[in-house]
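Assemble the whole structure, with the sequences as input and the hints as a guide.
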Amino acid sequence: MSTKASRTAARLMLAPAVILLLGWMLVPLSMTLIFSFQRYLPMRGGFQDWVGFENYVRFVTSSAFWPSVQTTLVIVGSVLLITVALGVLLAILLDQPMWGQGIVRILVIAPFFVMPTVSALVWKNMFMDPVNGLFAHLWRFFGAQPALFLSEAATPSIILIVSWQWLPFATLILLTAIQSLDSEQLEAAEMDGASPLARFWFITLPHLSRAITIVILIQTIFLLAVFAEIFVTTQGAFGTRTLTYLIYQRVLESQNVGLGSAGGVYAIILANILALFLMRIVGKNLDR
Amino acid sequence: MSFRTSLGLASALAIAAATAGHAQSLSGTVTIATVNNGDMIRMQGLTADFNAQYPDITLEWVTLEENVLRQRVTQDIATSGGQFDVMTIGTYEVPIWGENGWLVSLNDLPEDWDADDLLPAIRDGLTVDDELYAAPFYGESSMVMYRTDLMEAAGLEMPEEPTWEFIREAAAAMTDGNVYGICLRGKAGWGENMAFLTAMSNSFGARWFDEDWNAQFDSEEWANTLNFYHDLMTNYGPPGAANNGFNENLTLFQQGRCGMWIDATVAASFVTNPDDSTVADSVGFALAPDNGLGKRGNWLWAWSLAVPAGSQSTDAAKAFITWATSKEYTALVAENEGWANVPPGTRTSLYENADYLDAAPFAEMTLRSIETADPTQPTVDPVPYTGVQFVAIPEFAGIATEVGQEFANMLAGQQSVEQALDRAQALTTDAMEAAGY
Numbered sequence: 001m002s003t004k005a006s007r008t009a010a011r012l013m014l015a016p017a018v019i020l021l022l023g024w025m026l027v028p029l030s031m032t033l034i035f036s037f038q039r040y041l042p043m044r045g046g047f048q049d050w051v052g053f054e055n056y057v058r059f060v061t062s063s064a065f066w067p068s069v070q071t072t073l074v075i076v077g078s079v080l081l082i083t084v085a086l087g088v089l090l091a092i093l094l095d096q097p098m099w100g101q102g103i104v105r106i107l108v109i110a111p112f113f114v115m116p117t118v119s120a121l122v123w124k125n126m127f128m129d130p131v132n133g134l135f136a137h138l139w140r141f142f143g144a145q146p147a148l149f150l151s152e153a154a155t156p157s158i159i160l161i162v163s164w165q166w167l168p169f170a171t172l173i174l175l176t177a178i179q180s181l182d183s184e185q186l187e188a189a190e191m192d193g194a195s196p197l198a199r200f201w202f203i204t205l206p207h208l209s210r211a212i213t214i215v216i217l218i219q220t221i222f223l224l225a226v227f228a229e230i231f232v233t234t235q236g237a238f239g240t241r242t243l244t245y246l247i248y249q250r251v252l253e254s255q256n257v258g259l260g261s262a263g264g265v266y267a268i269i270l271a272n273i274l275a276l277f278l279m280r281i282v283g284k285n286l287d288r
Numbered sequence: 001m002s003f004r005t006s007l008g009l010a011s012a013l014a015i016a017a018a019t020a021g022h023a024q025s026l027s028g029t030v031t032i033a034t035v036n037n038g039d040m041i042r043m044q045g046l047t048a049d050f051n052a053q054y055p056d057i058t059l060e061w062v063t064l065e066e067n068v069l070r071q072r073v074t075q076d077i078a079t080s081g082g083q084f085d086v087m088t089i090g091t092y093e094v095p096i097w098g099e100n101g102w103l104v105s106l107n108d109l110p111e112d113w114d115a116d117d118l119l120p121a122i123r124d125g126l127t128v129d130d131e132l133y134a135a136p137f138y139g140e141s142s143m144v145m146y147r148t149d150l151m152e153a154a155g156l157e158m159p160e161e162p163t164w165e166f167i168r169e170a171a172a173a174m175t176d177g178n179v180y181g182i183c184l185r186g187k188a189g190w191g192e193n194m195a196f197l198t199a200m201s202n203s204f205g206a207r208w209f210d211e212d213w214n215a216q217f218d219s220e221e222w223a224n225t226l227n228f229y230h231d232l233m234t235n236y237g238p239p240g241a242a243n244n245g246f247n248e249n250l251t252l253f254q255q256g257r258c259g260m261w262i263d264a265t266v267a268a269s270f271v272t273n274p275d276d277s278t279v280a281d282s283v284g285f286a287l288a289p290d291n292g293l294g295k296r297g298n299w300l301w302a303w304s305l306a307v308p309a310g311s312q313s314t315d316a317a318k319a320f321i322t323w324a325t326s327k328e329y330t331a332l333v334a335e336n337e338g339w340a341n342v343p344p345g346t347r348t349s350l351y352e353n354a355d356y357l358d359a360a361p362f363a364e365m366t367l368r369s370i371e372t373a374d375p376t377q378p379t380v381d382p383v384p385y386t387g388v389q390f391v392a393i394p395e396f397a398g399i400a401t402e403v404g405q406e407f408a409n410m411l412a413g414q415q416s417v418e419q420a421l422d423r424a425q426a427l428t429t430d431a432m433e434a435a436g437y
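Protein sequences, first through last, are from chains A and B.
In terms of full-length UniProt numbering, the first sequence opens at residue 1 and continues consecutively.
In terms of full-length UniProt numbering, the second sequence opens at residue 1 and continues consecutively.
The set of hints was computed from the structure by calculation and includes no laboratory data.
None of the values given here were measured: they were computed from a predicted structure.
For glycine and all other residues, C-beta sits at the position ideal for the given N, C-alpha and C.
One thing to keep in mind: the hints can contain errors.
With the C-beta cut set under 8 Å, the calculated list includes, among others, these residues of chain A facing chain B [said to hold, decoys possible]: (1) R44; (2) R58; (3) G102; (4) P130; (5) L134; (6) P146; (7) E152; (8) A188; (9) M191; (10) G193; (11) S195; (12) V232; (13) T234; (14) Q235; (15) A237; (16) S254.
Here are some chain A residues the structure puts well away from chain B; computed CB gaps all over 10 Å [unchecked claim]: (17) P16; (18) W24; (19) P42; (20) W66; (21) Q96; (22) V104; (23) V131; (24) L150; (25) F238; (26) T244; (27) Q249.
This is the structure:
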């Protein structure tokens, strides 16, 4: 039971951490906002003028904007679809008693510990390279022309790389959820003559719904910021320029901090719309 | 101590004595931002030699990857951050920063540093209005590297000054199954495919902008450049070339997959090194190709050391730069690591040194390539900018990266040459308008 005094003490003690956290978030955020209203070109001597919403208008009307939003959504959506579908499948398989279960589980989770830059390099040079890559050798072994993954199917290739990285996370969360499923329920259903598919559809999947929403929520936040994989493989060419990559190009390659900051604000808005939408779904799920 | 080192030490002492008037300012800390290339790492290892001459100067090194370095130093200098006293920058930055008044002039370096010994092309690239704003640490151009055994098998002989037509003929003759006649950069980026294509376009008579800063991608010369490049690469290049940059092509060449490769002269020491290259003993060198228009398709770059205007220890920073870019430093590296490892491409005297010429079979062609590139007059027709494989304006990196993506898409077969040029023209015009040209 907390007294009034102890609550005051708690507030006082928490204050430094709260202030630090607020500063941590607010300073960069307000800097971005301030920059976005400026004509700020480091290579031309820095601050030049206040320009109001000019940067915002220019960022949206640039021919690169809508394709980049579309690419972002395609990558996020596809990776979510793949990781959730395969994650559920893998979680069910890993839940079955089998020999060497521990090792198999570690192997499945392993990709999550590989840094994005490293995994992108490995995929690019060891697997997808049209001359030296493993796939090219495989294709040639069967008498086919090697596929040009990173130029002719660049977006699907990046989706593949990113999915490979995030599948372990989905699997892990879903496996934990599946393990909490009461086996008596399944046995009862089996005795009542429910087919395996029906048991999955009416018992397992509803049980997993909460875990799935959490996977989707967390992954979306991270996937919106996918960068290293694109930087390493295509440098934004062949229609793989996401919103994050476009902002990077505006700020660091074009050295236009104002325009890039406006892009950053758009990215924050997009992320918040998505997060709000997802939080409502989670909220609904948790209420049930 | 050998004769050469003592000579170096003696001349350094002479420099120190000559600048004794500034003795009290020749102490303090010099913070150096540099790139993590082998030559710079080696320089860092030789700090003790510098401190033997200037015991009161403390060197602090900030060694960064190329892209990160560029961002850090740009940010620092544009905001007058004053974090660094010496910055490692390239020939792209020097003219822009020099003009902005961001760098300290190096015209007053000591007499025996010998500014007249610098290769004229490199020196011009680092000079704005007769002021030298950076001292070159190492320089490079680009040239043709080719397989002598494959050329012989094809019954051809590479001239020292090939034409593009000959390159196409040779590429056709050498292409065979696992060997691709020619490997060139295709990966999007201002420092990747656009460095190569901009230099190549010079030899086709093309240019980025006319004298009124109008984009020129709608010109016939650019169409010729890009069509030639496209045909060459689709017929005789490796598959997936649109993702190949310097490193990817280096690997292919070292594996013996490329008949010819036109790229940076610094690659010569990698492809002739038997530890890394399977074709080390059969590599020849030639000048970058031309079209008989008076300009070759080779570029010019120099990693250079400069002092930002905001530095608090200008004199100490200059003392360091004098040491790092001097002939004595070259002799010091040669003594410790052998002549093949000295920083190349900055001084005439190095290319008159018999020891160096013996140790580096590519030395002569490197020098000729550097000498034929002129950053002040890079194109056949006059242009308002300097720079051979880039346009020295702040907007270039951003514009060229996007143009590079259009050209990479074209090489990957996702759009035609005409479409790529149309889009390049449109986006360059937009960006230049927005920048106020």
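Hint by hint, here is what the structure shows:
1. Hint status for A:R44: holds, given a least beta-carbon distance of 5 Å to chain B, under 8 Å.
2. A distance limit of 8 Å between C-beta atoms decides the matter here; for A:R58 the minimum to chain B is near 7 Å, and the interface restraint holds.
3. Taking 8 Å as the C-beta cut-off, the interface hint given for A:G102 is violated, the closest approach to chain B being about 38 Å.
4. Interface hint at A:P130: satisfied, since its Cβ lies 4 Å from the closest Cβ of chain B, which is below the 8 Å cut-off.
5. Because the beta carbon of A:L134 sits about 14 Å from the nearest beta carbon in chain B, more than 8 Å, this interface hint is broken.
6. For A:P146, the interface hint holds, the least distance from its beta-carbon to any beta-carbon of chain B being 6 Å, beneath 8 Å.
7. For A:E152, the shortest C-beta to C-beta distance to chain B is roughly 6 Å, which falls under 8 Å, so the interface hint holds.
8. Hint status for A:A188 relative to chain B: violated, with the closest Cβ pair at about 56 Å, above 8 Å.
9. Checking A:M191 against chain B by beta carbon gives a least distance of about 57 Å; that is not within 8 Å, so the hint is violated.
10. Taken as an interface hint, A:G193 does not check out: its beta carbon lies about 55 Å from the nearest beta carbon of chain B, beyond 8 Å.
11. The criterion of a C-beta within 8 Å of any C-beta in chain B is not met by A:S195, whose closest approach is roughly 47 Å, and the hint is violated.
12. At its closest, the beta carbon of A:V232 sits 10 Å from a beta carbon of chain B; the interface hint therefore is violated under the 8 Å criterion.
13. The interface hint given for A:T234 is met, as the beta carbon of that residue sits about 7 Å from the closest beta carbon of chain B, less than 8 Å.
14. Hint status for A:Q235 relative to chain B: holds, with the closest Cβ pair at about 5 Å, below 8 Å.
15. Residue-level restraint check for A:A237 holds (minimum Cβ-Cβ distance to chain B is 4 Å; threshold 8 Å).
16. At its closest, the beta carbon of A:S254 sits 3 Å from a beta carbon of chain B; the interface hint therefore holds under the 8 Å criterion.
17. Consistency note on A:P16: stated as away from chain B, and its beta-carbon is indeed over 10 Å from all of that chain's, at 29 Å minimum.
18. For A:W24, the shortest C-beta to C-beta distance to chain B comes to about 20 Å, beyond the 10 Å cut-off, and the non-interface label holds.
19. With a minimum CB-CB distance of about 3 Å to chain B, A:P42 fails to clear the 10 Å threshold, and the non-interface call is violated.
20. Chain B leaves A:W66 outside its interface by the beta-carbon criterion, the shortest separation being 15 Å against a cut-off of 10 Å.
21. The Cβ of A:Q96 sits about 41 Å from the closest Cβ of chain B, beyond the 10 Å cut-off, so the non-interface label holds.
22. Even its closest Cβ contact with chain B, about 34 Å, leaves A:V104 beyond 10 Å, as expected for a residue assigned away from the interface.
23. Against chain B, the non-interface label of A:V131 is violated: not every CB pair exceeds 10 Å, the least being about 6 Å.
24. The Cβ of A:L150 sits about 5 Å from the closest Cβ of chain B, inside the 10 Å cut-off, so the non-interface label is violated.
25. A Cβ of chain B approaches the Cβ of A:F238 within 10 Å, the least distance being about 6 Å, so the stated non-interface status is violated.
26. Every beta carbon of chain B lies more than 10 Å from that of A:T244, the smallest distance being close to 15 Å; the non-interface claim holds.
27. Under the 10 Å C-beta cut-off, the non-interface status given to A:Q249 relative to chain B is violated; the minimum distance is some 6 Å.
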